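**Student:** Sequence:
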Amino acid sequence: MFVVLLLGSGCGGSSSSDDTSISISTNKLDFAAVQNSTTPQTAVVDVKFQGDGAIVGYPTGVTPAPWLTIQVLSTTSANAKVQFGLVTSQAPGKYSTTVRFLTGKDDGSAQKYVDLAVTAEIFAPFSATAPTLAFTQIIGAEAQTTPLLGHELTIVGDKATWNITSNVDWLTFSKTSGTGPAKVAVTVTKNAGAGTGQITVTDSQSGAAKQFAVTVTRTANQLKVTPQALSFSVGMTTTLEQLATPLTLTDTLNSAVANAAVAWSFKSASAPWLLVNVSSGTSETAQTVQVSIDPTTSALASGTYNEKLLFSYTGSDSVQRDLEVPVTVTSTLPAISIVAPFQLPSQAGTMLLRGVGFNTLTGANKVKIGQTSFNIAGRDSDTQLRVTHTGFAPGSYTVALETTSVLPLQQGNFVVPAAPTPTAQVLNAPGSRSLMVFDYERYQLYAYNETSQAIEVISHNAGTWQISKTVPMTNVLDLTLTKDSKQLLIAKGAELWSIDLTNAEWPSALLYSQSGSSCGLRFSDIATLNDNKVAIALQYAACSGFTSVHMYDLTNNRIFGTYMSFMPSVAASADGSRLLIGQNGISPEQSVQLLDTVNYQLINADVPRSVSNPQLNRDGSRLLINDFEVLNGAVATVGTLDDGTTKLRRAQLSQTSNRAYVLKFDSPRSQAPTIDVINTGTITAGALPVERTIALDDISEEFELLNNPLLVTPDDKLLFITVPGRIYIKPVAAAVN
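Heads up: the sequence shown begins at 10 in this note's numbering, then just goes up one per residue.
Read the hints as simulated data drawn from the structure, not as lab findings.
Check before you lean on any hint, since a few could be wrong.
With a cut-off of at most 20 angstroms between alpha-carbon atoms, the simulated EDC-like pairs for lysine to aspartate or glutamate come out as follows [unchecked claim]: (1) Lys103 / Glu130; (2) Lys90 / Glu130; (3) Lys57 / Asp124; (4) Lys656 / Asp675; (5) Lys726 / Asp448; (6) Lys375 / Glu333; (7) Lys276 / Glu333; (8) Lys495 / Asp448; (9) Lys199 / Glu161.
Nothing here was measured: the structure is a model prediction, and the numbers come from that model.
Turn these sequences into a full structure, and let the hints guide you.
**Tutor:** Spelled out as structure tokens, the structure:
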């Protein structure tokens, strides 16, 4: 046992074994105090004993009590005074223990003991707590002050004697005084108005007090909707019923007070295909409206759409407000955005459809082009389909997916032009042209006149070609069309611009710009792909070195990737399925990069070449670099355009056939220029075979060496040859297929 020595020896060393005894002035002590009380809680026990000594402590098996102190105040050979004290810092609760007093002989014999029972109760001290005491009164419905049941004050303190007071007259209490723990409801009167007050809770036993701030604000009864946000999921199996969902409109008071009701109206939806079937109402009673997706919309291509509904209402304070309801639509519907490449009249072939959501299609789905259905020949990814088709007559065509979807799907479209009969013409056109691109759907030419600093539209009208429109623009370095022929893209210095060809006003817009080099940057080449992306080759204007090819997304107007390159150039196939990135002027020569635009993965082996003026044919199966070498789709050599002469050459790869057109001329001029039509379908170790030569005896002007003066239309029907002040237009006799 734990012991405290009262006396070392007693009774003068008695030799009798039966003359020991011990007694205490009380057999029980009871303590009671409030936790952390500063008032001492002690008791003294008198001890009388006969023996050689006495001790006090805890019996065996009894753990010493941390809430109890034991102190010997005085001792004699037969008496002692022991003080017991309560430790009030212990947790509130009831405690008990046993303390033992023992005497006996020095040899351990004749032991006698007496036990003292000790109990204690520690009471919780006074305290008071409350949440933030904030009240809101609704204008026009002051009796509906929130929270309706008020806030709750919590008072603790087992021995507390408390009372509650306030410095304002608009507070009420379920109790204002009491003893011990309590819960007190705090409410405000309906005439409280906006203001602040203070509550004081005082304990008369301890003298302690707690204070709480109270605020009352006034607000209008406002429109409330349930749920607060809406969501739709649409896909191939969505039913018409699933295109609608309820929205309940009520007010802050849940339509409980008619005098404070709000008047509301449906103001707008952020998307034209979001519909609400009720235009206005009041919150006098809760009203449920139907929010739905227009079943005739084709705008929900696979993706996530974050939209909103806007309701306008007048609160009970007569102030007009707006309430937004977020609407999220998650779609897995397939959609066609681009059809590529251009389609020649009456010519069967394969077209690529780019879009989204194609993984939801099955073998039962077909593609309807005009009025004819075709099987899907292949699904390259979720974003690209291949369709093998028969030929089409001139006209406009829609391309639609045939599915069981209750919502119409976004369609593609293309135009097969009724091309004019190829005839020769010399168009007098002042100035010098450096760039040409042919719009096959509209059957017109776009050329950049460096002299007048303008883009010219050269169209066929009333049997002749003529300049029908000019668009002033400086520092143009390249022109190209998007694969859907809806935009003309322009590399203007280090800026990418677009012209909307679907708008009769031809509005232009700056899409992207780049700056930051002391050498000056310029967009030397741009190439469009069939997923509405653009490859932009950056070169230094005043030095050479590593720059990059930026990949620009026309759908969200951002750069999504870059390829580090040395003096790069880019080109794309007519169907937009292949992108070539070449580098020039670096030793050793770097590999030509040919990328599949479905996943932008390299599809060729390491073939090092210095590349300038790259071109690709319709599907990327033929590549032309440096006006000289023809490669195949694996970037392996097919042959060259070299005829063994020293003539200068400018070449263009056909976008329709396995042919290249090579303009050969002298500078200075010594004889008439010619155009060789070369068959690129034959693989040879050297020069590719010339099928025929087109004489250009009527061209007497000098060609400008820095420009590319040759363009062949995508249908291999016409040649456009530019010289200063003139454009020669010549039919390609016996057009090849």
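**Student:** Compare the structure with each hint and give your call.
**Tutor:** Checked hints:
1. Our distance criterion of 20 angstroms between C-alpha atoms is met by lysine 103 and glutamate 130, whose separation comes to about 4 angstroms.
2. Restraint check for lysine 90 and glutamate 130: not satisfied, since their Cα atoms lie roughly 24 angstroms apart, outside the 20 angstroms limit.
3. Proximity of lysine 57 to aspartate 124 is assessed by CA-CA distance (about 13 angstroms); at most 20 angstroms being required, the pair is judged to hold.
4. A hinted pair counts as satisfied when its Cα atoms are at most 20 angstroms apart, and lysine 656 with aspartate 675 qualifies at roughly 6 angstroms.
5. A hinted pair counts as satisfied when its Cα atoms are at most 20 angstroms apart, and lysine 726 with aspartate 448 qualifies at roughly 14 angstroms.
6. For the hint pairing lysine 375 with glutamate 333, the CA-to-CA distance comes to about 41 angstroms; that exceeds 20 angstroms, so the pair is violated.
7. About 10 angstroms separates the Cα atoms of lysine 276 and glutamate 333, which keeps this hinted pair within 20 angstroms; it holds.
8. A hinted pair counts as satisfied when its Cα atoms are at most 20 angstroms apart, and lysine 495 with aspartate 448 qualifies at roughly 10 angstroms.
9. For the proposed pair lysine 199 and glutamate 161, the alpha carbon gap of about 18 angstroms is at most 20 angstroms, so the pair holds.
The structure shown violates the earlier hints numbered 2, 6.
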